[in-house]
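A.B. asks: For reference, the chains in residue letters:
Protein chains: 2
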Amino acid sequence: MHRTTALPISIAALLRACSTAACAMAAPTPHIPPPRELLRPLAVPYRLLLGPGPSNLSPRVRAAGSQQIVGHMHPEVLQVMEEIKAGIQYAFQTRNRITLAVSGTGHCAMEAALINLLESSDTVLVGNNGIWGERAADVARRLGAKVHELLKPPGEYFTLRDIQEGLAQHKPSVLFLTHGESSTGVRQPLEGLGELCHRHGCLLLVDAVASLGGVPILMDQQGIDVLYTGSQKVLSAPPGISPISFSERAREKMQRRKTRPPSFYLDMSCLASYWGCDGEPRMYHHTGPVSSIFCLREALAGLAELGLESSWKQHQAVCTRLCQGLQDLGLELFVKEEAARLPTVTTVRVPEGYNWKEITAFLMDKHSIEISGGLGPTAGKVLRIGLMGHNATQDNVDRLLQALRDALQHCQHSRL
Amino acid sequence: MHRTTALPISIAALLRACSTAACAMAAPTPHIPPPRELLRPLAVPYRLLLGPGPSNLSPRVRAAGSQQIVGHMHPEVLQVMEEIKAGIQYAFQTRNRITLAVSGTGHCAMEAALINLLESSDTVLVGNNGIWGERAADVARRLGAKVHELLKPPGEYFTLRDIQEGLAQHKPSVLFLTHGESSTGVRQPLEGLGELCHRHGCLLLVDAVASLGGVPILMDQQGIDVLYTGSQKVLSAPPGISPISFSERAREKMQRRKTRPPSFYLDMSCLASYWGCDGEPRMYHHTGPVSSIFCLREALAGLAELGLESSWKQHQAVCTRLCQGLQDLGLELFVKEEAARLPTVTTVRVPEGYNWKEITAFLMDKHSIEISGGLGPTAGKVLRIGLMGHNATQDNVDRLLQALRDALQHCQHSRL
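Sequence order for the protein chains is V and R. Note that this note's numbering numbers the first sequence so that position 291 is 276, with each residue one more than the last. Note that this note's numbering numbers the second sequence so that position 262 is 247, with each residue one more than the last.
Calculated directly from the structure, the hints in this document are not laboratory data. Some clues are possibly wrong.
Result set (DSSO-like, lysine-lysine): computed pairs, CA atoms no more than 27 angstroms apart in a straight line [as the list claims (entries may be wrong)]: (1) V:131 to R:131; (2) V:366 to V:321; (3) R:366 to V:243; (4) R:321 to R:351; (5) R:131 to V:243; (6) V:298 to V:156; (7) R:342 to R:298; (8) R:156 to R:298; (9) R:137 to R:366; (10) R:342 to R:321; (11) R:137 to V:131; (12) R:366 to R:342.
Stretch by stretch, here's where chain R covers chain V in the computed footprint (C-beta under 8 angstroms, at least three residues) [stated by the list, open to error]: (13) 212 to 225; (14) 272 to 283.
The C-beta atom is built at its ideal place from N, Cα and C for all residues, glycine as well.
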């Protein structure tokens, strides 16, 4: 800093002057000391994570997380990436070539979808029946696209008629829907939607962060054009890497772009090349999150070993047992229509005379169990219980119900 | 799909029809089978990673990677995030309030910096003397900013005079420079740059992905306005989470924005709130990568325990030993000026009569050591050797030199 008055002395000169031993002695000194809190060991308590995510890691995923890494372009990592692509194709039930994982959390995958599909000339129709539609609309507006929202009260889903009317009225090029609305516990039916969208010249983009692997979804059969999920829900891996897939229709739309996406990190043409999806030699793009890649591989392998059908059945069975138990405790489920309840995340109304925060705090403090309050439109109204992947067991249901019974006894008649 | 002809039957009706046991039997069947390659165990060989990154994980980071996770908004994780903020402030030598880690790799941090600093009305001056300047210019153009490039041949750096002329000519609001140009092995001197930029009404943005922790950098004293790094170099943590910090000047520029950043994931006002940097209650933003957060905490703790000065000295000593050893082998260092050599990543010319690919393959196959070829402007011309963090030891230097001697004997006079 003190040298700047000496301009135009070049830095080369400064550096040469500094190549002496005397100068090396005068190397810069840190003036901010090491923080004391970092000199203590890391201590993380064990919790049973029965909120809407993340879920507890499975043992094989934990083992992968402690694996020593190798370079992101080493043949062994490229092989693991191939296995991940195949695993996602299985989990999504798709043969799409552009199938890969973005190096970010579920929200990052949402942005990757919208950033690549939309240009400012595009119109997008967003189904907004909870927080994720709100998010998608926000992101699309930031991208300069024309955004229309289909609104439904929290706890409800969109019918084919709702959507048909929206498509006819707004003529969007992309429809965004949330398959598993984790803020409300709603499952959006997908039957017939792809064909409907395609008849209207529209692509179908589906957020399956909270549902994939636990709820049936058949990307190709259902005509879904872009599908993404997270790693930390049914897959029981750490958050930070997110599977995504694009149909041929979506790929063609991306190829027709007149402007480049405003992100290099999420540019799907670069990512497809890095992930070897385009039949060309792979191009370095960014330093892939190697540990997360190992963890995702193990998570997908776990799902492949269990089998999708078994996983779907298991999540449904566990959810059914939970819902019955909650009702036996006198609690009211938030989603009225049984078939519209999301098997992975169940919402239950905060009973009258209770403060939801006391219930969640009691479960955490006395039972080391996490469940969550509402989010966005359901904040303050519901408790959210997630039983996903590794955590989707009948034992966990029973443990939670017992803890909840305990909480209801101890937290009654608190003031809001 | 077959149902769409039945419009306008609502999906609610479809669902109700499906709530019978008969329909449950007819649940969707996956038609794509589990991929065979996923049914084999994960097998990753051990490699000594002496390329330009990632580095091998330190044992305490590996332990953190296998730690069971807790929810991203749990008090224990929020506490770890506080420790990370303090650790970054120490590593960067800054007291900036907006100091946090973005949930992505180093390139994601570059985008976070540019996306938040630039609007389409901005002019940015990018120092381009290797691949990272190219990248930054590409990202800035995607954002619609006016981009000017200061060019230098690979292997050189920018003098104060170069930069002063560029600032005077282009009047940018942001100057981008790469502190550790890992594609060329050049260290960009930073002395006097902050003050020079500020005199020209310009913010100084510095990429320190390949240098931070191994090369002296004092963010506040040097007047750097935005600084970011990666986790996988000197910090010896997995890639996927990236420290970043914004000065008060940078914060004010972001506050003056007329348009919102085109990304919600990287919107610094949201991230600052999520990371508790603005003195307000934290707002949920995205699901933080909990395992990466634990790993980064342990990596920063390791640096705090060792101390910045010791780390700087260690990297310099190891680099000096390596450079001497390479020259003793008859090899020519790519960066002529000794003081401009990056202590963390050393570039050496591919000797005449050798194919660089054979050398790197030989080291990998016979010695389980990774070093890299060139990248971007240095592709085909150099070998790149990284000695960073956990890997920056004299033993590793000696092991590499011995392996390299072996390679030079075996790979001689191959055809390019």
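A.B. asks: Check each numbered hint against the structure and report the violated ones by number, ascending.
C.D. replies: 3, 4, 6, 7, 8 and 11
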